[in-house]
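Respectively, the protein sequence lines represent chains A and B. Heads up: the first sequence begins at 293 in our numbering, then just goes up one per residue. Heads up: the second sequence begins at 1408 in our numbering, then just goes up one per residue.
Certain hints may be false.
[Claimed, not checked] Think about it this way: if two alpha-carbon atoms lie no more than 30 Å apart in a straight line, the pair counts; the simulated DSS-like pairs of lysine-lysine are:
1) K408/A - K422/A
2) K508/A - K416/A
3) K1502/B - K1557/B
4) K1620/B - K424/A
5) K416/A - K360/A
6) K1620/B - K360/A
7) K1620/B - K372/A
8) K1510/B - K416/A
9) K498/A - K508/A
10) K1620/B - K422/A
11) K408/A - K1620/B
12) K1502/B - K1480/B
13) K1557/B - K1620/B
14) K408/A - K498/A
15) K497/A - K508/A
16) K1505/B - K1553/B
[Unchecked claim] Computed Cβ-Cβ distance ranges for the label pairs, DEER-style:
17) F1428/B - R356/A: 38 to 48 Å
18) Q319/A - L1432/B: 39 to 49 Å
19) D379/A - Q1712/B: 51 to 61 Å
20) A425/A - Q1712/B: 28 to 38 Å
Simulated from the structure, these hints should not be mistaken for laboratory data. For every residue, glycine included, the Cβ atom is placed at its ideal position computed from N, Cα and C.
Single-letter residue listing:
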Amino acid sequence: MIEFTHVGKRYPGGTEALLGINLEIDQGEMVFLTGHSGAGKSTLLRLISLIERPTRGSITVNGREVSKLPHRSIPYYRRKLGVIFQDHRLLPERSVFDNVALPLQICGTDPRTIGKRVRAALDKVGLLHKEKALPDMLSSGQQQRVGIARAVVNRPAILLADEPTGNLDPELSEEIMQLFVDFNQVGVTLLIASHDQYLIRHFSKKIIELENGQIKNEDNV
Amino acid sequence: MSVFSAVDFIRQHREAAQQAFRELLRRPLTTILTLLAIALALALPGMLLAILGNVQQTTKPWEDNRQINVFMKLDVTEDNLAELANEWRDDGEIKSVKMISQKQALEQFKQNSGMADALELLEVNPLPAVLIVTPNDNISDPENIKLLGKRLAANPAVDQIQLDQESLQRLQSFLNFLNTSILLLAFLFGLMVTLIIINSLRFEIIRRQNEIKVVKLVGGSNEYIQRPFLYTALLLGLMGAILAVIIIHFVFLFLAPYLESLLSLYGNTNSPLHLNPETTMTILLAALLLSLASTWVAVRFNLRQIEPQ
Ligand SMILES: Nc1ncnc2c1ncn2[C@@H]1O[C@H](COP(=O)(O)OP(=O)(O)O)[C@@H](O)[C@H]1O
Ligand SMILES: [Mg+2]
């Protein structure tokens, strides 16, 4: 489903963030990406969501070479991915409902379908009763769950999460991870960057460990 | 299928327009100041264009006037004048001759100028008699009219002649000059409107760049992202234009009485101080085009660059 072949990323400043990465993630897999700060976890995820382009090698997603996808096609490609960030990136001026509805609004979905899908996604993360609230009125665990609802509302086949539990205490972190496991059980492919070794071990899934931009270890459980 | 996509299309545009409207209402003072700036920049050239258009319209009927005004020397008697008029009426190149004696000229002047009392003080009539000569229909091109004029001027009783055509040409070239100047001015003011709108859009884009990044992140296309800004520009442009029309209307309303009392001195009752439909349409259309141009520039140079990190 996701395949990296000899992928390198060098940032304009000269930093080699990734070097000769080869990896393959199959459909329906749940994979943790781990490694020290600055190892290149975020960069790897940014290459998949085309926030950055690789400077070397090729990346295929769903059998399609995406590293050279024309600029115009990027939005349509991104609609098939769900992305989750540590800082959740919600729009502070819009309600929880409108935040979750955004991925549907941009592709012109009709309001009735939007209403149904948004409520289903909010229900899944346990925040149906908060749909009218503004993000700032929620706790950071709740905000992160709104971010997750937004990522899954379009029913993407792939979910990418960059330190989704970075700001949360262990209990909330486990709740979030459990949500990801649930999504994985219905067939969603997940790639989760995290440096929380304890949490990662707890879920016993495939682990890819990065060090200085290279893959150090690949644990198949 | 096509029915549904048309419905989608309309809904998406309606949503973008509503969003643009909400954003404008969110900062009423900024919006009002921007609208006033746009309105004033449109109102000034609009006023000049309206006046020019009206002047050109009222001078149009003169255009095929081929009359020759023949001013007589002051010592020509009324008998001599009538004799000369009859002689010219028989001329093969002349269709008709209208006679205005010195007395009639004075009467007319008194009536039109309102200076009757002042003229009473004069002992001699300073106004010459005039014969207004209309050439035959077959004499229409300016050169032939000029030749006829020269022939008439050769008569010893004639002081000087004045061709309507010549004064008309002079007026026309003056109006052409005015026209070009006003168009150039309108162009510069149009540029100003464009800059004002671009600046508002730039400000709005920078203010909302986090939102734009998030929308791009979840797969919003450039078209989707720029749509509300297009409507912001259209709303600013068109509301500015409507405000400009209102401003022009009131400025004309205020000035009209002053100009009308001035014009009545010249026996003219056609005030050019009114906003004709053509000018109103021109202002609205110009605002529309300037809004589109502004959006294009702001989107091209400010919106496209914003990418998620
Ligand atoms: N936008 C950028 N420009 C330049 N260097 C960057 C940029 N983003 C990350 N880097 C560098 O690339 C390396 C990998 O960073 P990152 O992928 O964020 O690592 P991680 O997410 O594992 O902490 C680091 O050395 C970081 O300083
Ligand atoms: Mg990181």
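Given hint K498/A paired with K408/A - CA-CA distance at most 30 Å: violated, 34 Å
Hint consistency between K498/A and K508/A [alpha-carbon to alpha-carbon, up to 30 Å]: holds, 14 Å
Agreement of K408/A and K422/A with the hint, judged by alpha carbon distance not exceeding 30 Å: holds, 15 Å
Pairwise hint evaluation, K424/A against K1620/B, where the allowed Cα distance is 30 Å at most: holds, 23 Å
Satisfaction of hint between K508/A and K497/A, Cα-Cα up to 30 Å: The hint holds at about 17 Å.
Straight-line alpha-carbon gap K1620/B to K372/A, limit 30 Å: Since the Cα atoms of K1620/B and K372/A sit roughly 17 Å apart, the hinted pair holds (cutoff 30 Å).
Given pair status - K360/A, K416/A, alpha carbons within 30 Å: violated, 35 Å
K1620/B paired with K360/A [C-alpha distance capped at 30 Å]: Holds - the C-alpha atoms of K360/A and K1620/B are around 21 Å apart, at most 30 Å.
Restraint status (C-alpha distance of K1620/B to K422/A at most 30 Å): holds, 25 Å
R356/A and F1428/B - C-beta distance against the hinted 38 to 48 Å: At 40 Å between Cβs, range holds.
Proposed proximity, K1557/B with K1502/B (alpha carbon, max 30 Å): holds, 17 Å
Straight-line alpha-carbon gap K408/A to K1620/B, limit 30 Å: Distance ~26 Å between K408/A and K1620/B Cα, so the pair holds.
Hint violations for this structure: numbers 2, 5, 8, 13, 14 and 19, all remaining hints satisfied.
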